[in-house]
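With the hints as extra help, turn the sequences into a complete structure.
As given, the protein sequences belong to chains A and B, one line each in that order.
Going by the working numbering, the first sequence opens with residue 12, and the numbers climb by one from there.
Going by the working numbering, the second sequence opens with residue 12, and the numbers climb by one from there.
Honestly, I wouldn't trust all of these hints.
To be verified - Pairs of lysine-lysine residues, derived as BS3-like cross-links and limited to a Cα-Cα distance of at most 25 Å, are as follows:
no. : chain 1 : residue 1 : chain 2 : residue 2
1   : B       : LYS112    : A       : LYS218
2   : A       : LYS112    : B       : LYS206
3   : A       : LYS187    : A       : LYS206
4   : A       : LYS206    : A       : LYS218
5   : A       : LYS206    : B       : LYS206
6   : B       : LYS206    : B       : LYS187
7   : A       : LYS187    : B       : LYS206
8   : A       : LYS218    : A       : LYS187
9   : A       : LYS206    : B       : LYS112
10  : B       : LYS187    : A       : LYS187
11  : A       : LYS48     : A       : LYS85
12  : B       : LYS187    : A       : LYS206
13  : A       : LYS112    : A       : LYS187
14  : B       : LYS48     : B       : LYS112
15  : B       : LYS187    : B       : LYS218
16  : B       : LYS112    : B       : LYS85
17  : A       : LYS112    : B       : LYS218
18  : B       : LYS48     : B       : LYS85
19  : B       : LYS206    : B       : LYS218
20  : A       : LYS112    : A       : LYS85
Stated by the list, open to error - If we take Cβ atoms under 10 Å as the criterion, some of the chain B residues that face chain A in the derived model are:
no. : residue
21  : ARG13
22  : PHE31
23  : SER35
24  : ILE77
25  : LYS85
26  : ALA104
27  : HIS107
28  : GLN108
29  : TYR113
30  : VAL143
31  : ASN158
32  : ALA178
33  : ILE183
34  : LYS206
35  : ALA209
36  : TYR210
None of these hints come from the bench; they were simulated from the model.
We put the beta carbon where it would ideally sit given N, CA and C, even for glycine.
Number of protein chains: 2
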Amino acid sequence: MRFRAAEPEALEARYRARLFNSASGMRTAVLIGTKSKSGNENLAIFSNIFHVGANPPLIGFIMRPINRERHTYKNISDTGYFTVNHIPFRAHAAAHQTSAKYPEDRSEFEACGFDPEYTDGFFAPFCADSPVRSGCRLEYETEIPVNGTRLIVGRILLLEAEDHCTADDGFIDLAKAGVTAVTGLDAYHTVSPPKRYAYAEPDRDPKSLHP
Amino acid sequence: MRFRAAEPEALEARYRARLFNSASGMRTAVLIGTKSKSGNENLAIFSNIFHVGANPPLIGFIMRPINRERHTYKNISDTGYFTVNHIPFRAHAAAHQTSAKYPEDRSEFEACGFDPEYTDGFFAPFCADSPVRSGCRLEYETEIPVNGTRLIVGRILLLEAEDHCTADDGFIDLAKAGVTAVTGLDAYHTVSPPKRYAYAEPDRDPKSLHP
Numbered sequence: 012m013r014f015r016a017a018e019p020e021a022l023e024a025r026y027r028a029r030l031f032n033s034a035s036g037m038r039t040a041v042l043i044g045t046k047s048k049s050g051n052e053n054l055a056i057f058s059n060i061f062h063v064g065a066n067p068p069l070i071g072f073i074m075r076p077i078n079r080e081r082h083t084y085k086n087i088s089d090t091g092y093f094t095v096n097h098i099p100f101r102a103h104a105a106a107h108q109t110s111a112k113y114p115e116d117r118s119e120f121e122a123c124g125f126d127p128e129y130t131d132g133f134f135a136p137f138c139a140d141s142p143v144r145s146g147c148r149l150e151y152e153t154e155i156p157v158n159g160t161r162l163i164v165g166r167i168l169l170l171e172a173e174d175h176c177t178a179d180d181g182f183i184d185l186a187k188a189g190v191t192a193v194t195g196l197d198a199y200h201t202v203s204p205p206k207r208y209a210y211a212e213p214d215r216d217p218k219s220l221h222p
Numbered sequence: 012m013r014f015r016a017a018e019p020e021a022l023e024a025r026y027r028a029r030l031f032n033s034a035s036g037m038r039t040a041v042l043i044g045t046k047s048k049s050g051n052e053n054l055a056i057f058s059n060i061f062h063v064g065a066n067p068p069l070i071g072f073i074m075r076p077i078n079r080e081r082h083t084y085k086n087i088s089d090t091g092y093f094t095v096n097h098i099p100f101r102a103h104a105a106a107h108q109t110s111a112k113y114p115e116d117r118s119e120f121e122a123c124g125f126d127p128e129y130t131d132g133f134f135a136p137f138c139a140d141s142p143v144r145s146g147c148r149l150e151y152e153t154e155i156p157v158n159g160t161r162l163i164v165g166r167i168l169l170l171e172a173e174d175h176c177t178a179d180d181g182f183i184d185l186a187k188a189g190v191t192a193v194t195g196l197d198a199y200h201t202v203s204p205p206k207r208y209a210y211a212e213p214d215r216d217p218k219s220l221h222p
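Right, dumping it as structure tokens:
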């Protein structure tokens with residue numbers, strides 16, 4: 012299958028969206044938890060999460076253009092806080108369901124069967140059964156002028172991971188955590204156990220970290 | 012395991028990097044191919060690739076701060092072109108090896124055992140055996156002021172995917188393509204076959220696309 016530059020406008024819109032969402036590869040599916048100023052909880056699936064830096068700890072994601080009511084964006088803008096919750100694979104269909112257009116006063120926690128949890132007085136709700144989750148404060152945002160999407164960068168103020176999936180060197184084993192990868196617009200996967208390697212040096216063979 | 016906001020500076024640097032790179036989840040490992048103005052080919056592994064938009068087709072990635080010689084960045088800045096090549100899982104160790112600090116005049120294609128391929132006169136080299144690969148032109152870049160990393164956005168001018176992994180609706184089955192997911196700094200995974208769902212509607216159960 013080949014696609015050439017001149018053609019994207021000619022492709023049917025959903026076909027095009029599936030194709031280019033697939034091309035960007037595997038990503039983590041997360042549920043972003045927020046709360047409005049008036050106290051309404053919101054939970055929405057996102058798949059475009061990425062690492063921005065470790066010191067300070069920063070996480071980023073891409074938000075679609077703000078050309079319709081976007082509750083997650085509004086809550087983050089208004090309050091400054093959000094949570095990023097990895098999804099246990101057993102809950103991936105329920106997580107997909109959070110992408111339906113529920114009205115603002117309807118909590119996707121309740122509609123889709125996730126329990127909100129408040130930890131250490133953090134303003135935004137976490138998913139109670141997420142094995143790896145971060146509480147974030149909005150640190151930076153900017154519009155990407157080419158298509159009006161927004162880059163949102165949050166500072167991780169609180170990170171929780173279940174003990175059984177964390178290694179002594181800081182690595183979190185997401186296969187052991189049993190979380191969900193996503194491809195395209197609508198496809199969910201698990202990942203195989205990791206193969207780890209030592210820091211690479213020129214002209215030495217890659218060194219496996221597994222005994 | 013818990014981490015609290017006040018502590019990141021106190022963590023050992025590599026531990027901190029592993030921890031927060033893990034927290035951001037699964038990503039696709041890709042090899043970015045570039046060529047310098049003087050004709051030196053470069054190939055480097057990146058793990059922070061994400062979808063920015065489908066119309067026009069845009070792909071983004073985060074580049075570490077430009078505080079040392081970064082051949083990929085220099086080549087993209089100088090020439091405007093790069094390729095994004097998904098990595099067959101059988102080649103993940105060789106792909107990891109491209110992260111070693113080779114001198115500028117040494118091609119990681121040659122040093123790490125990847126064959127460069129030029130398609131349709133595209134300026135930057137592709138990996139010959141990549142099952143899903145994109146030829147991109149630099150469209151936008153910006154510095155993320157919090158930590159000096161750079162957001163690079165490329166426009167996909169040419170997308171190639173092997174026929175056996177592409178579906179009629181535009182979806183590319185990356186499990187079938189046999190490509191590589193990455194977590195943390197150094198861990199590589201395959202993904203399970205996809206579970207796909209129809210577009211979600213409020214108050215209807217998620218509908219599987221599998222018969």
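Quiz item: Regarding the pair LYS112/B and LYS85/B, is the alpha-carbon distance no greater than 25 Å?
Solution: OK: LYS112/B and LYS85/B at ~15 Å, within 25 Å.
Quiz item: Straight-line Cα separation of LYS112/A and LYS218/B no greater than 25 Å?
Solution: holds, 16 Å
Practice problem: Using Cβ atoms only, decide whether LYS85/B comes closer than 10 Å to chain A, and label the hint accordingly. | Solution: At about 19 Å, which exceeds the 10 Å cut-off, the nearest Cβ of chain A leaves the hint on LYS85/B violated.
Quiz item: Any CB of chain A closer than 10 Å to the CB of ALA178/B?
Solution: Holds, because the Cβ-Cβ distance from ALA178/B to chain A comes to roughly 8 Å (cut-off 10 Å).
Exercise. Starting from LYS187/B, check that the Cα of LYS187/A is at most 25 Å away, please.
Key: holds, 22 Å
Quiz item: Would the hint on SER35/B stand, with a C-beta cut-off of 10 Å toward chain A?
Solution: holds, 4 Å
Quiz item: Does LYS85/A lie within 25 Å of LYS48/A when you go C-alpha to C-alpha?
Solution: Cα-Cα ~10 Å, so holds.
Quiz item: Given VAL143/B was flagged as interface, is its beta-carbon under 10 Å from a beta-carbon of chain A?
Solution: holds, 6 Å
Self-check item: Given hint ILE77/B near chain A, where the shortest CB pair must fall under 10 Å
Solution: violated, 14 Å
Quiz item: How about ALA104/B: closest beta carbon in chain A under 10 Å, or not?
Solution: Cβ of ALA104/B sits 4 Å from chain A, so the hint holds.
Quiz item: Should the hint that ASN158/B touches chain A count as held when the rule is a Cβ pair under 10 Å?
Solution: holds, 4 Å
Quiz item: Taking the least C-beta to C-beta distance, is ILE183/B closer than 10 Å to chain A?
Solution: holds, 4 Å
In summary, the numbered hints that this structure violates are 13, 24 and 25.
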